[in-house]
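Engineer: Which chain is which? The protein sequence lines are A and B, in order.
With the first letter of the first sequence counted as 1, position 104 gets the number 1140 in the numbering used here; the numbers rise by one all the way through.
With the first letter of the second sequence counted as 1, position 79 gets the number 147 in the numbering used here; the numbers rise by one all the way through.
For the record, the hints were derived by calculation from the structure and aren't laboratory data.
Accuracy of the hints is not assured; some may be wrong.
[Said to hold, decoys possible] Under the rule of at most 20 Å between Cα atoms (straight-line distance), these lysine to any residue pairs were calculated in the SDA-like manner:
(1) 1045(A) / 109(B)
(2) 1093(A) / 162(B)
(3) 128(B) / 1037(A)
(4) 1045(A) / 1150(A)
(5) 117(B) / 1138(A)
(6) 1045(A) / 1147(A)
(7) 124(B) / 1136(A)
(8) 1093(A) / 109(B)
(9) 128(B) / 1038(A)
(10) 136(B) / 1038(A)
(11) 117(B) / 1137(A)
(12) 136(B) / 121(B)
[Said to hold, decoys possible] Cβ pair distances, simulated, as ranges:
(13) 1089(A) / 80(B): 43 to 51 Å
(14) 144(B) / 1063(A): 33 to 41 Å
(15) 1101(A) / 84(B): 48 to 56 Å
(16) 84(B) / 1054(A): 46 to 54 Å
(17) 1113(A) / 144(B): 40 to 48 Å
(18) 1041(A) / 151(B): 20 to 28 Å
(19) 78(B) / 1080(A): 19 to 27 Å
(20) 1050(A) / 172(B): 24 to 32 Å
(21) 120(B) / 1098(A): 35 to 43 Å
Bear in mind that the values here come from a model prediction, so they are computed numbers and not experimental data.
Here a beta-carbon is modelled for each residue, glycine too, at the ideal position from N, C-alpha and C.
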Amino acid sequence: DSGVTQTPKHLITATGQRVTLRCSPRSGDLSVYWYQQSLDQGLQFLIQYYNGEERAKGNILERFSAQQFPDLHSELNLSSLELGDSALYFCASSTSDSSYNSPLHFGNGTRLTVT
Amino acid sequence: GDSVTQMEGPVTLSEEAFLTINCTYTATGYPSLFWYVQYPGEGLQLLLKATKADDKGSNKGFEATYRKETTSFHLEKGSVQVSDSAVYFCALIATSGSRLTFGEGTQLTVNP
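Whenever a hint applies, use it, and build me the whole structure from the sequences.
Structural biologist: Written out as structure tokens, the structure is:
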């Protein structure tokens, strides 16, 4: 058990809809990272927050947004969903603002299926 | 930009066979290198890491050596078990950035 909790585990929704994925980091971790895992793109970094502030942005679409709350949990919002957004979305946490010296701890992911 | 290339999978071995999964990278500076493992239905777990040239990371019988001259970080295990069946990801992080860049992943299946 990594200590990172993601909900829900599975999500099935229709094109055009909006969903929210939730992540609770390990106790004491200030950084939260979001990754998308799909068959054709592999593991893609989306965005990172550190102590409530956006720290780094990767290949995140404009239809996607995220935030980290004062209690350090994070939410990833996906809107105007398309079939191609179907993927496994992982949250990871670490103690510092850089994973260079502080390893990432991953949750079990949320599997999103857009129909 | 930074990138990681892994050998194509899937890899299927018999129990007690020797395992090598190749990984090469492209990065500026002196990145840290990692191997992560993903068991079915789970998130990724850090398996081992190396932070400078010639360092050897090891864990659970797996080893990988940071080879700067060949920009490689191949994963090896002398005798695999059925329980090693998983997807293995090579990854790097550059000295100046905070994001982890992953390879494509290699599916390993070990048969009894």
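Engineer: Each hint: holds or not?
Structural biologist: A quick look at each hint next to the structure:
1. 1045(A) / 109(B): Roughly 10 Å between the alpha carbons, so the hint for residue 1045(A) and residue 109(B) holds.
2. 1093(A) / 162(B): holds (15 Å)
3. 128(B) / 1037(A): holds (17 Å)
4. 1045(A) / 1150(A): holds (14 Å)
5. 117(B) / 1138(A): Holds: residue 117(B) and residue 1138(A) sit about 11 Å apart, inside 20 Å.
6. 1045(A) / 1147(A): holds (6 Å)
7. 124(B) / 1136(A): Given that 20 Å is the threshold and the Cα spacing comes to 17 Å, the pair holds.
8. 1093(A) / 109(B): violated (27 Å)
9. 128(B) / 1038(A): holds (17 Å)
10. 136(B) / 1038(A): violated (31 Å)
11. 117(B) / 1137(A): With a Cα-Cα distance of about 10 Å, the restraint between residue 117(B) and residue 1137(A) holds, given a limit of 20 Å.
12. 136(B) / 121(B): Holds: residue 136(B) and residue 121(B) sit about 6 Å apart, inside 20 Å.
13. 1089(A) / 80(B): 43 to 51 Å: holds (45 Å)
14. 144(B) / 1063(A): 33 to 41 Å: With Cβ atoms ~35 Å apart, the hint holds.
15. 1101(A) / 84(B): 48 to 56 Å: holds (49 Å)
16. 84(B) / 1054(A): 46 to 54 Å: holds (50 Å)
17. 1113(A) / 144(B): 40 to 48 Å: At 42 Å between Cβs, range holds.
18. 1041(A) / 151(B): 20 to 28 Å: holds (25 Å)
19. 78(B) / 1080(A): 19 to 27 Å: Cβ of residue 78(B) to Cβ of residue 1080(A): about 21 Å, so the range 19 to 27 Å holds.
20. 1050(A) / 172(B): 24 to 32 Å: holds (30 Å)
21. 120(B) / 1098(A): 35 to 43 Å: Roughly 39 Å apart at Cβ, these two residues keep to the hinted range, so it holds.
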